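Novice: Kindly generate the complete structure, drawing on both the sequences and the hints.
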Amino acid sequence: MVVASPTYLHREHVILAARAGKQVFCEKPIARTLDDARAMVQACAAANVRLAIGHVVRFFPEYRRAKELLDDGVLGRAAIATLTRGTLSVGAARAWYLDPTKSGGVVLDLMLHDLDVLRWWFGEPARVYAKRLARAGALDYALATLRYDDRPIVQLEASWAEHGGFRTAFEVRGDHGMLVHDSRAVAPFIVQSPGGDARAAVIPASTLRETPYRRQLRDLTERLAAGEPPLVDGREGLRSLALGLAVIESAERGAVVQWSVPS
Amino acid sequence: MGLASWAHVHAAALARTLATLPQVEFTGSFDETGTPHDGPTHSTLEGLLQASEAVVVASTNAAHLSHTLAAAAAGVHVLCEKPLATTVADARAMIDACRRSGVQLGVALPIRSSPAVVALKDAIAMGRLGTIRAVRATNPGQYPGRWFGDPNEAGGGAAMDHVVHVADALRWLLADEVERVYAELGSFLNGLPVEDCGLLTLDLHGGAFASIDCSWSRPATYPTWGGVTMHVVGDRGTADVDVFRQSLTHYDDAAGAVKLVGWGDDLNVLMVGGFVDAILAGHPVPISGEDGLRSLGVVVAAYRSAKLGRPVAIAEVA
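Residue numbers (the working numbering), protein chains in the order written: chain A, 1 to 263; chain B, 1 to 318.
Since the hints were made in silico from the structure, they are not lab data.
All figures in this text were calculated on a predicted structure; none of them were measured in a lab.
Where a beta carbon is used, it is the ideal one built from N, C-alpha and C, also for glycine.
You may find that some hints are simply not true.
What the hints assert, rightly or not - Pairwise CB distance ranges, derived in the manner of DEER restraints:
1. T87(B) to V186(A): 44 to 50 Å
2. R65(A) to G237(B): 32 to 38 Å
3. A318(B) to L231(A): 47 to 53 Å
4. S193(A) to A318(B): 53 to 59 Å
5. G76(A) to K259(B): 20 to 26 Å
6. L248(B) to G227(A): 55 to 61 Å
7. H37(B) to P188(A): 48 to 54 Å
8. G309(B) to A225(A): 46 to 52 Å
9. A225(A) to R128(B): 53 to 59 Å
10. D72(A) to L308(B): 33 to 39 Å
Specialist: Right, here's the structure in full:
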């Protein structure tokens, strides 16, 4: 069962599916709260079904290739990295996104992707300091600085004010060089027409034989058929959620939040 | 107008600018190391000061104080390289000395002179962005070498070198002051006793926030020295500035390298020209010693923040 409901309903829907004995794929974030996430992980374990979380950026080839290069050590140790993700707010079509108690706003919707990426690339950070527009609603924008023990320093930017359409970018500087990605610079196919296209880009364009979204589901079905765990399981989704909640907490308190992996 | 010291990496460009500006008579330069340069060469700072109505101070950061005090004592106006000084006390002493001597003190911060930054200022003034809520700024570069990694000469590392450029531009663009600073700093890439990586987060009094990446993070193979960018988020629109974007890409087989060759306006000409025109007209210079002190306060707060592991108010340090 694929659960693609609003975030605040994930708990109810995933637990229903688990109790019916279904393997579950749940969109990210795993849930709006850690309590909900823990209940979902426990329910799936109790029902002996797999729980996969849709951290789809781990299936985007530019992020996978960067991960391979980082693991191969071509940069040496990372020193400083920045990751950006922006789009127009999707709230015009789906109002629940604009209610922070239901969606978690731009931090849990967009920045969560890059929080998951940096955990995947670099492991667990030591502390978080973040700023976010005080006004909830359609204009939501956040900057977060994450510091690892020793290194690297990471900056994340998430924006629902990217009026030019969906944009992702990252830059990683290490001992021996730098990797740079900017989605605006790598589009291999562009169409323009009189009057333009007024539809808001709610997901990044993908010009690949197999989109990352399809690849994500194919990977899961292959793993399930082989009796293997999903690439991003419920516990991993819970940890990325917890880091997103630490970003929100830092922004709300105006203080540094020390980070440790939740149980 | 002359050039006091060749220590700064900007010195050669500043000397060329002084020799080029039509409203300036270039009185030559003084180099502590005795190295000869184009234009009249003075063997002492006093000799240069006697020959000049104004000087550009392009010494090490720590020597800004003594050079500026000497110029003020000689009744010579000063355009001082950034940062104005390495400590708040030095900056205050320079401002006071120039005020007492009746000479003007300016700070060499070229970003306000960029036509792209002026266009942003105009867009804000016309209300195209609404109220500015957030700015993500970057000012990364290659490690400049020389004394820039020496804490005694430079007063710090990448943060001391780069933060003031964007901090000054933000103060001007938003007509606001920085209230609080959080900084993560690290010495990762060049084996220096000072930071070469830094990320600052600023709160402004009016409620906006901003970040500055001030790192010496551009690799040796990067096609240019670095750059200055700003992503500005207002409640009615966003804007992007890339100050040095105007460039040709040069695939240079002879050098075995790819280079960006800038063709935008020469910001030194605009910046020094603006300083000189203000002096000639008897007006306040565009970027004053007080402005230099304000942007230095952001840097000092950043070092305190990195040491204490918490946000630090400017009022705690300046």
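Novice: Does 53 to 59 Å hold as the CB distance between S193(A) and A318(B), or does it fail?
Specialist: holds, 55 Å
Novice: Looking only at beta-carbon atoms, does the pair A318(B), L231(A) fall within the given range of 47 to 53 Å?
Specialist: Holds: the Cβ-Cβ distance is about 50 Å, inside 47 to 53 Å.
Novice: Okay, R65(A) versus G237(B) on CB: inside 32 to 38 Å?
Specialist: Hint holds: Cβ distance 34 Å, inside 32 to 38 Å.
Novice: Against the range 46 to 52 Å, how does the distance between the Cβ atoms of G309(B) and A225(A) compare: consistent or not?
Specialist: Because 49 Å falls inside the window, the suggested range holds.
Novice: Range first: 44 to 50 Å. Now tell me if the beta carbons of T87(B) and V186(A) are that far apart.
Specialist: 46 Å Cβ-Cβ, so the 44 to 50 Å window holds.
Novice: Mind checking the hinted window 33 to 39 Å against the Cβ distance between D72(A) and L308(B)?
Specialist: Holds, at about 38 Å.
Novice: Could you say whether the range 48 to 54 Å given as a hint is met by the Cβ separation of H37(B) and P188(A)?
Specialist: At 51 Å between Cβs, range holds.
Novice: Between G76(A) and K259(B), does the C-beta distance stay in 20 to 26 Å?
Specialist: holds, 25 Å
Novice: So the hint says 55 to 61 Å: do the beta-carbon atoms of L248(B) and G227(A) match that?
Specialist: holds, 57 Å
Novice: For A225(A) and R128(B), compare the CB-CB distance with the range 53 to 59 Å and indicate the outcome.
Specialist: holds, 55 Å
In terms of the numbered hints stated before, the structure departs from none.
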